Structures are given as structure tokens and as C-alpha cells.
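Residue numbers (the working numbering), protein chains in the order written: chain R, -15 to 392; chain H, -15 to 392.
FYI, nobody ran anything at the bench for these hints, they're computed from the structure. Only a predicted model underlies this, so the values are computations on that prediction, with no experimental measurement involved. Just to be clear, a hint being listed does not mean it is correct.
Identical copies go unnamed one by one, so any copy, or any two together, can satisfy a pair.
Only pairs whose alpha carbons sit at most 20 Å apart, straight line, appear in this in silico DMTMM-like list of lysine to aspartate or glutamate [what the hints assert, rightly or not]:
(1) Lys377 to Asp166
(2) Lys2 to Asp33
(3) Lys39 to Asp71
(4) Lys2 to Glu36
(5) Lys39 to Glu270
(6) Lys377 to Asp33
Protein chains: 2
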Amino acid sequence: MGIVVKKFGGSSVGTPEKIKAVAARVVREKKPDDQVVVTVSAMGDTTDDLIELAKQVTGNTRSREMDMLLSTGEQVSIALLAMALNDLGCPAVSLTGPQAGFRTNSVHMKARITDINPDRVFEELSRGNVVVVAGFQGAAPNGDVTTLGRGGSDTTAVAMAGALNAAVCEIFTDVEGVYSADPRVVPTARKMKEITYNEMLELARLGAGVMQPRSVELGARYGVPIHVRSTFTTEPGTMIREGYTVEEKDFVVRGVTHDLNVAKAAIMGVPDKPGIAFRVFSALAEANIDVDMIVQSIRNTDKKINDIVFTVAKNDAAQTRSILEKVAADLGVLGVVIDEDVAKVSIVGAGMLGSPGMAARMFGALSGAGINIEVISTSEISLSCLIRAERAKDAVNAIHAAFFRESR
Amino acid sequence: MGIVVKKFGGSSVGTPEKIKAVAARVVREKKPDDQVVVTVSAMGDTTDDLIELAKQVTGNTRSREMDMLLSTGEQVSIALLAMALNDLGCPAVSLTGPQAGFRTNSVHMKARITDINPDRVFEELSRGNVVVVAGFQGAAPNGDVTTLGRGGSDTTAVAMAGALNAAVCEIFTDVEGVYSADPRVVPTARKMKEITYNEMLELARLGAGVMQPRSVELGARYGVPIHVRSTFTTEPGTMIREGYTVEEKDFVVRGVTHDLNVAKAAIMGVPDKPGIAFRVFSALAEANIDVDMIVQSIRNTDKKINDIVFTVAKNDAAQTRSILEKVAADLGVLGVVIDEDVAKVSIVGAGMLGSPGMAARMFGALSGAGINIEVISTSEISLSCLIRAERAKDAVNAIHAAFFRESR
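Bound-form chain R, shown alone:
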């Protein structure tokens, strides 16, 4: 079958017993001609424990040193998994991200992969080894250890699959695939057999925690099919690829998501002059803060002042506030508001553009549940509404019921 890349997350390798179970599964599923690369995350809560340790040393952690610290988590897992594989008579060798050829930029704690040199991986594969690669990490141009940010192990797996021209990248996780909504929130949610890269990307971007958006982008770029499946069963999960091979055509909307890791930021009473928005968003870009759902509205046509509203990730909220307050002071605006009690609910589907009435159906569902919409934004394949955080669960259920009635 060729080269297969498998990725196991932190909960799949949380204890020595689970590591042995992963090793057993890898050995059991390996066909004689397969060349197998396994990517793993840090064991269970290791990353959180290391962050806690750093906080006990300093209130002001430094990202370069955090990367030095956090990258040890994956290094422990790969060594243990390689030992467990060897124990089962399966020759295996572990490689850190830098050893496996991952080169990144120098943005510590959220580095981007710039290049992969898989020579060492090919060499070990050709020697008959299963290669166990540390997820989440790489080397900056100066040789410093970098990490790709949370969820970076998915990125490692897919990028490695792309660099190796692998037949498939299997992402083993604690859910059984990609669902039409989070099954913990919506009990009637359905597992999808297939989904396109673009849809998955949009789902991930909008809060579906199954896959890291960057890893889905990479899958699309390299054309690597990504199989999202459960660590705990042998059932097929959801295949992410370019187009559909099976028919699930009844569902134009493929998923309903909600995202609580969002904060609303607003600059009120901005003078209506060219260059203002540029000024605001370039300051945020410089700080590597991702901005979403930007809406500019007219506050007062006579005075020619506007409000600019947008969303950021919750953990960027404090930094966003200080950046906005600095910009606001320079520009003489009315005020800056940061609101962390919001949630974003969204519908996603590649066919939405050609199916009128989707927006109306979503707004109707929210209205029916008595939920107020604060901001709306759309993309080609999605529609998102910002609402109060405490109504997120109700909103997702109402929307899901409106689009997936037949599965009730």
C-alpha cells in the first residue's frame, strides 16, 4: 500500500499501557509492504503540567524557552513508543521534529513549517524501521527548537505525509470521526463518511475541535487523504479529501459548529478616513493575532465616524485590548470594548452557495429559540453568527435540528 502516516494524540498515549496499546495497533495494522511513520503528541496532560511548572518559576514566560520546555513532552512519548514497538519485535526508531527534517520560521510557540527535509525518515524507512516522529515541533533557521502551537501534531502528521507522498494520513483521536455537530452538545449529531478539505477547513476554523485548520490546509495542498478515526475502535471514521466518492447529498449543510474561544473587540467612533482600518489591523497582524468576523458600521453619517467590530481568539483578548487602546489614543476614538462572553455558531457546506434559503433557515432557528444575533459573517461555504456565550448550546441544537431534521 506504500507509505502510511498515523497520528495519535495525547489522550491516546496518556499512560504506559496506552502507549503499549498504540504500539500493538500499529503492528497489527501494518501490512508487510507498508512503510509506516507514526506521529505522537505528549502524554496526556504533560503539556499542561509543563506550562504549570513554568508558571511556578516565572509569571512572565518567554516563548523561546517555553518551546525548549514543551518540546520535551513529545520527546518522551516518541522514545517510549519506539521502545514499545521494538518490544513487539517491530524495529522502530524515534526522531525529534528537527531530526525528522521539520524546518520552521522563528515565531516561537506558533511556528509555521517552512520546509521538510525527509532524508533521515526515508533512510530509516528503507532500513525497515517504523519511524516515530515527535509531533508539534521543528527547528528555526538558527537551530532553536520551535513548536507549532496547540494541535500542531496534526500539522506534523499531514505535512510529513505530504513530504513523503504518503497514501493516507490517519489521525487517531478520541472521537469516531467528523460529526454534523459536537455530539457532546447535540446528541443527534451524525458521523459523516466523507467531507471535503474546504468544508473541514471551514469547520475547523469555526470551532470543530477535531482537526487543526493548518493541517487540513496542508492536506489540501499536498492532496493527502486524511482519515479521522477513533483510537478505540477499528470502525472507519471520516475521510477528508478533495471531493466526494459516496453520496451524502441530502445534506447541503455538512456541519454546525460553535466556538467559545472567541472574544468580541470593538473600536467605537472611529473617524471615517482612509488608512484607519489598515492601521488597526496591521498593528494586530504584527502581534500575530488572527482576526475574524470584521464588520464596519456607520455610527453617525454627519460626524463621519464608524464602529469597527471584530473577533479574536480569547487568549489574544488582553493583548488585543492593549493594542487597540494604544491605537485608540492616537486616533482619538470614542472607546474600546472587549467582550469575552460571546460565542460563534456557524453552518458549513460546500453546496450552500447554490442553495438559497440556508441563511434564512439558520436565522429562523435562532429566532425561534429566542437568541439574539450580534454579528453576522459569511464565506463561500459558511455562515457564522456571534451570540451570547450562555446560549451557544441552545443555538447549536436549534440550528442542527433545522438542517438535520431527518436524523431525529
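The hints should help you fit chain H onto chain R, whose structure is shown.
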């Protein structure tokens, strides 16, 4: 004062509080013109915990993967210490062993340093950084992580001091310096102000746990003065250097040591033919087992058969037994004996060769305490006796009293 290398062991960095205390000390002692490199071990029991983790995964750990695993311990410490230093306003950067330029051979778990390229360290020092280097580790020619074996952080510190041509290498530890005997065993033991490399080397080789022998060798080779001192006080400790600058001439014997990490190995009834000893000891050398106190004695002149007795480290005992049994089967000897209930007690002093009666005084002390001597071996500056392990404490006290009477 130039470049100073400081090394703090695992017990000095065992908790976040202790790491902060080490950072505070480094900052407090740093003179404006000093360039400082700090080497640290893994926090407290981390290395043992990682070994335990590996044992839960496999009964048959692999040394390459153990190095991948164990090297994470120091990586955690360096990251935390660099953060703690930065927190105190002292710019600092952490480097793994490979990043700091340590190249080793490929003997995993007890690698030897083959070369140090300190370019990156010099670069960071010239930027005004305190450089925090992971002890105990390096990179093999193929880029794999290696470790130097237990105590390897001392080796890292001294070798780094040599490569940087440092003014001094300070080894901070949980004792106040080098004592005439282990103070936990001999309450009247004295702290020595100075000691030569050769004496220290012999003390270390013979069981004084203060310094790793290999690190003392390196100190001698590069002429780096090594200051062994306490983490918990600011008192000077013991300076290890080429010759004496102060007078402690009353003591020809500089130290009395005991070593319980020793096993006696014997091959009984070996045919008296050329090449037999070569055969035995080359097999052990191939397995990287260090051999000490070799004695060959004639068992039976008529039959021309001999006994060969020697000592190895206790953790090499099992492997030694299997090697000897294989050789024994080939040669047709009478038998192989491994005895782990032994201890080695020794006296060390550079002036011993010119001072007659030292051996007699040692044997007299042992005889006076009713302790039987099983094997004797000598070097230019030491004399060792193998005795029953349970008499080690009595032996050291009796010998110490005989040589350091005036300190009673």
C-alpha cells in the same frame, strides 16, 4: 574575571523554588565583566522517574531510545532556569547539549565527548546572555541524542570550561567540598582546601561521589581549576588544580574512600596459556565494562592453572557473569564466581610513593578492627583493599583514624 562556568546538580534544581534560588545566586555572583555559562542536571528525581516510566513500557529498554527519553530531563531544567534568570532581568538563553556543540561517539547511555564546537555559546555570551547548557548530553555523528551517563553533567561543565578557556569551573553540590572521607560515615572527616587533579581523580575512581572521574580528567587535560562548593552556603569549598598553593602538608594521605558499587568476579582454574587474559578482558571491553583490581594468582603449579579475580561496577555484574560463563565454557575452566557483597576501601595521596609505611599503617588499621582483606591493589597514589561490604563503615573509620589522628 572572564568566563566562569557553574554547574548545579539535580538536587540544587529539584523544585521551582530551588531553580529560582539558583538563578538569584547566579545573578548575585556575576560581576559586570563576567561571561557566565551555567550547566544544570535534571530536576531532582526526574531521571529516575523517566527510567521508571520506560520500565512500565518495556522490560527491555533500548539505549538509543533511553537517551532520547532521558535527555528531556535536562531540557526541562535549562528552559526553566533561563526563564528564572530572565525574570530577574538577567538576559539568558538555554541550549541543549547538541546546540551547545557537544559531539560524542555513538555509545548510547555512556557516550564520550569527541569534540566541542562552542561557536553558538560564544555568540550568545557576546550578546550579553548567560548561557544555560543542558548537562549530560550531546549528539552522535548521525545527529542522534546521546547521554554521557550518570554524573555526566560534571563532565559537561568541565569540558565546556575547557573549550571556552574559562577562568574557573564551579561545581555546586550538596556537600561543602572534598572531605578526607565521607562525612556521613566518618564524623571527624575534614574538608580539604585544595587537592590535585590526580588525587581527586583517584578519590573519584575509588568511590568518592563528589566528582565524576571523567570530568576531573578533562579538568587536568585543559588545566581548568575546578571549585567544588556547596549550593547552600557562600563558603569556599575545595579547589582542584595541578598543584598546591596552600599548605596542608601534614596529610600525605588526602582521603579515605569506600565504594559499595563494586562486585568481585572470579574465573577459577584457568589454563596457564598465553592469550587467556586477553580473551577474557577483550570480551569485557567490547561490552564497555570497566574492570578494576585485577589479580591473577596461581591455583596449582603442577596443573598449570590459575585463578583470575577482578572487580566491576555492581550494575555490570549480571552482564559480566554471562560474558564470563560463555568464555569459561569455551576454555573449560573450573568455574565462575560473582560476589556482590564486597566493598572497596582505599587511601589516596600524591605523596604516598615517597612516604614509606602508608600500606602498613592501612593494613594495621584494618587488622586492628578485625577486618579481613580479600584483594589488594595499588596505584602510584593510592592503595585499595577489597573487604566484606558489611564492614565498610568500620574500615573507613579505622583507616581515617589512623591517618588523621590529630583531627580527633
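Hint check:
1. Lys377 to Asp166: For Lys377 and Asp166, the Cα distance is within 20 Å only inside one copy (10 Å; across copies 67 Å).
2. Lys2 to Asp33: Answer is both; intra-copy 19 Å and inter-copy 18 Å each pass.
3. Lys39 to Asp71: between (37 Å within a copy, 11 Å between copies)
4. Lys2 to Glu36: Intra 24 Å, inter 16 Å, cutoff 20 Å: inter-copy only.
5. Lys39 to Glu270: Neither. Shortest intra-copy (26 Å) and inter-copy (47 Å) distances fail the 20 Å Cα cut-off.
6. Lys377 to Asp33: Neither. Shortest intra-copy (30 Å) and inter-copy (43 Å) distances fail the 20 Å Cα cut-off.
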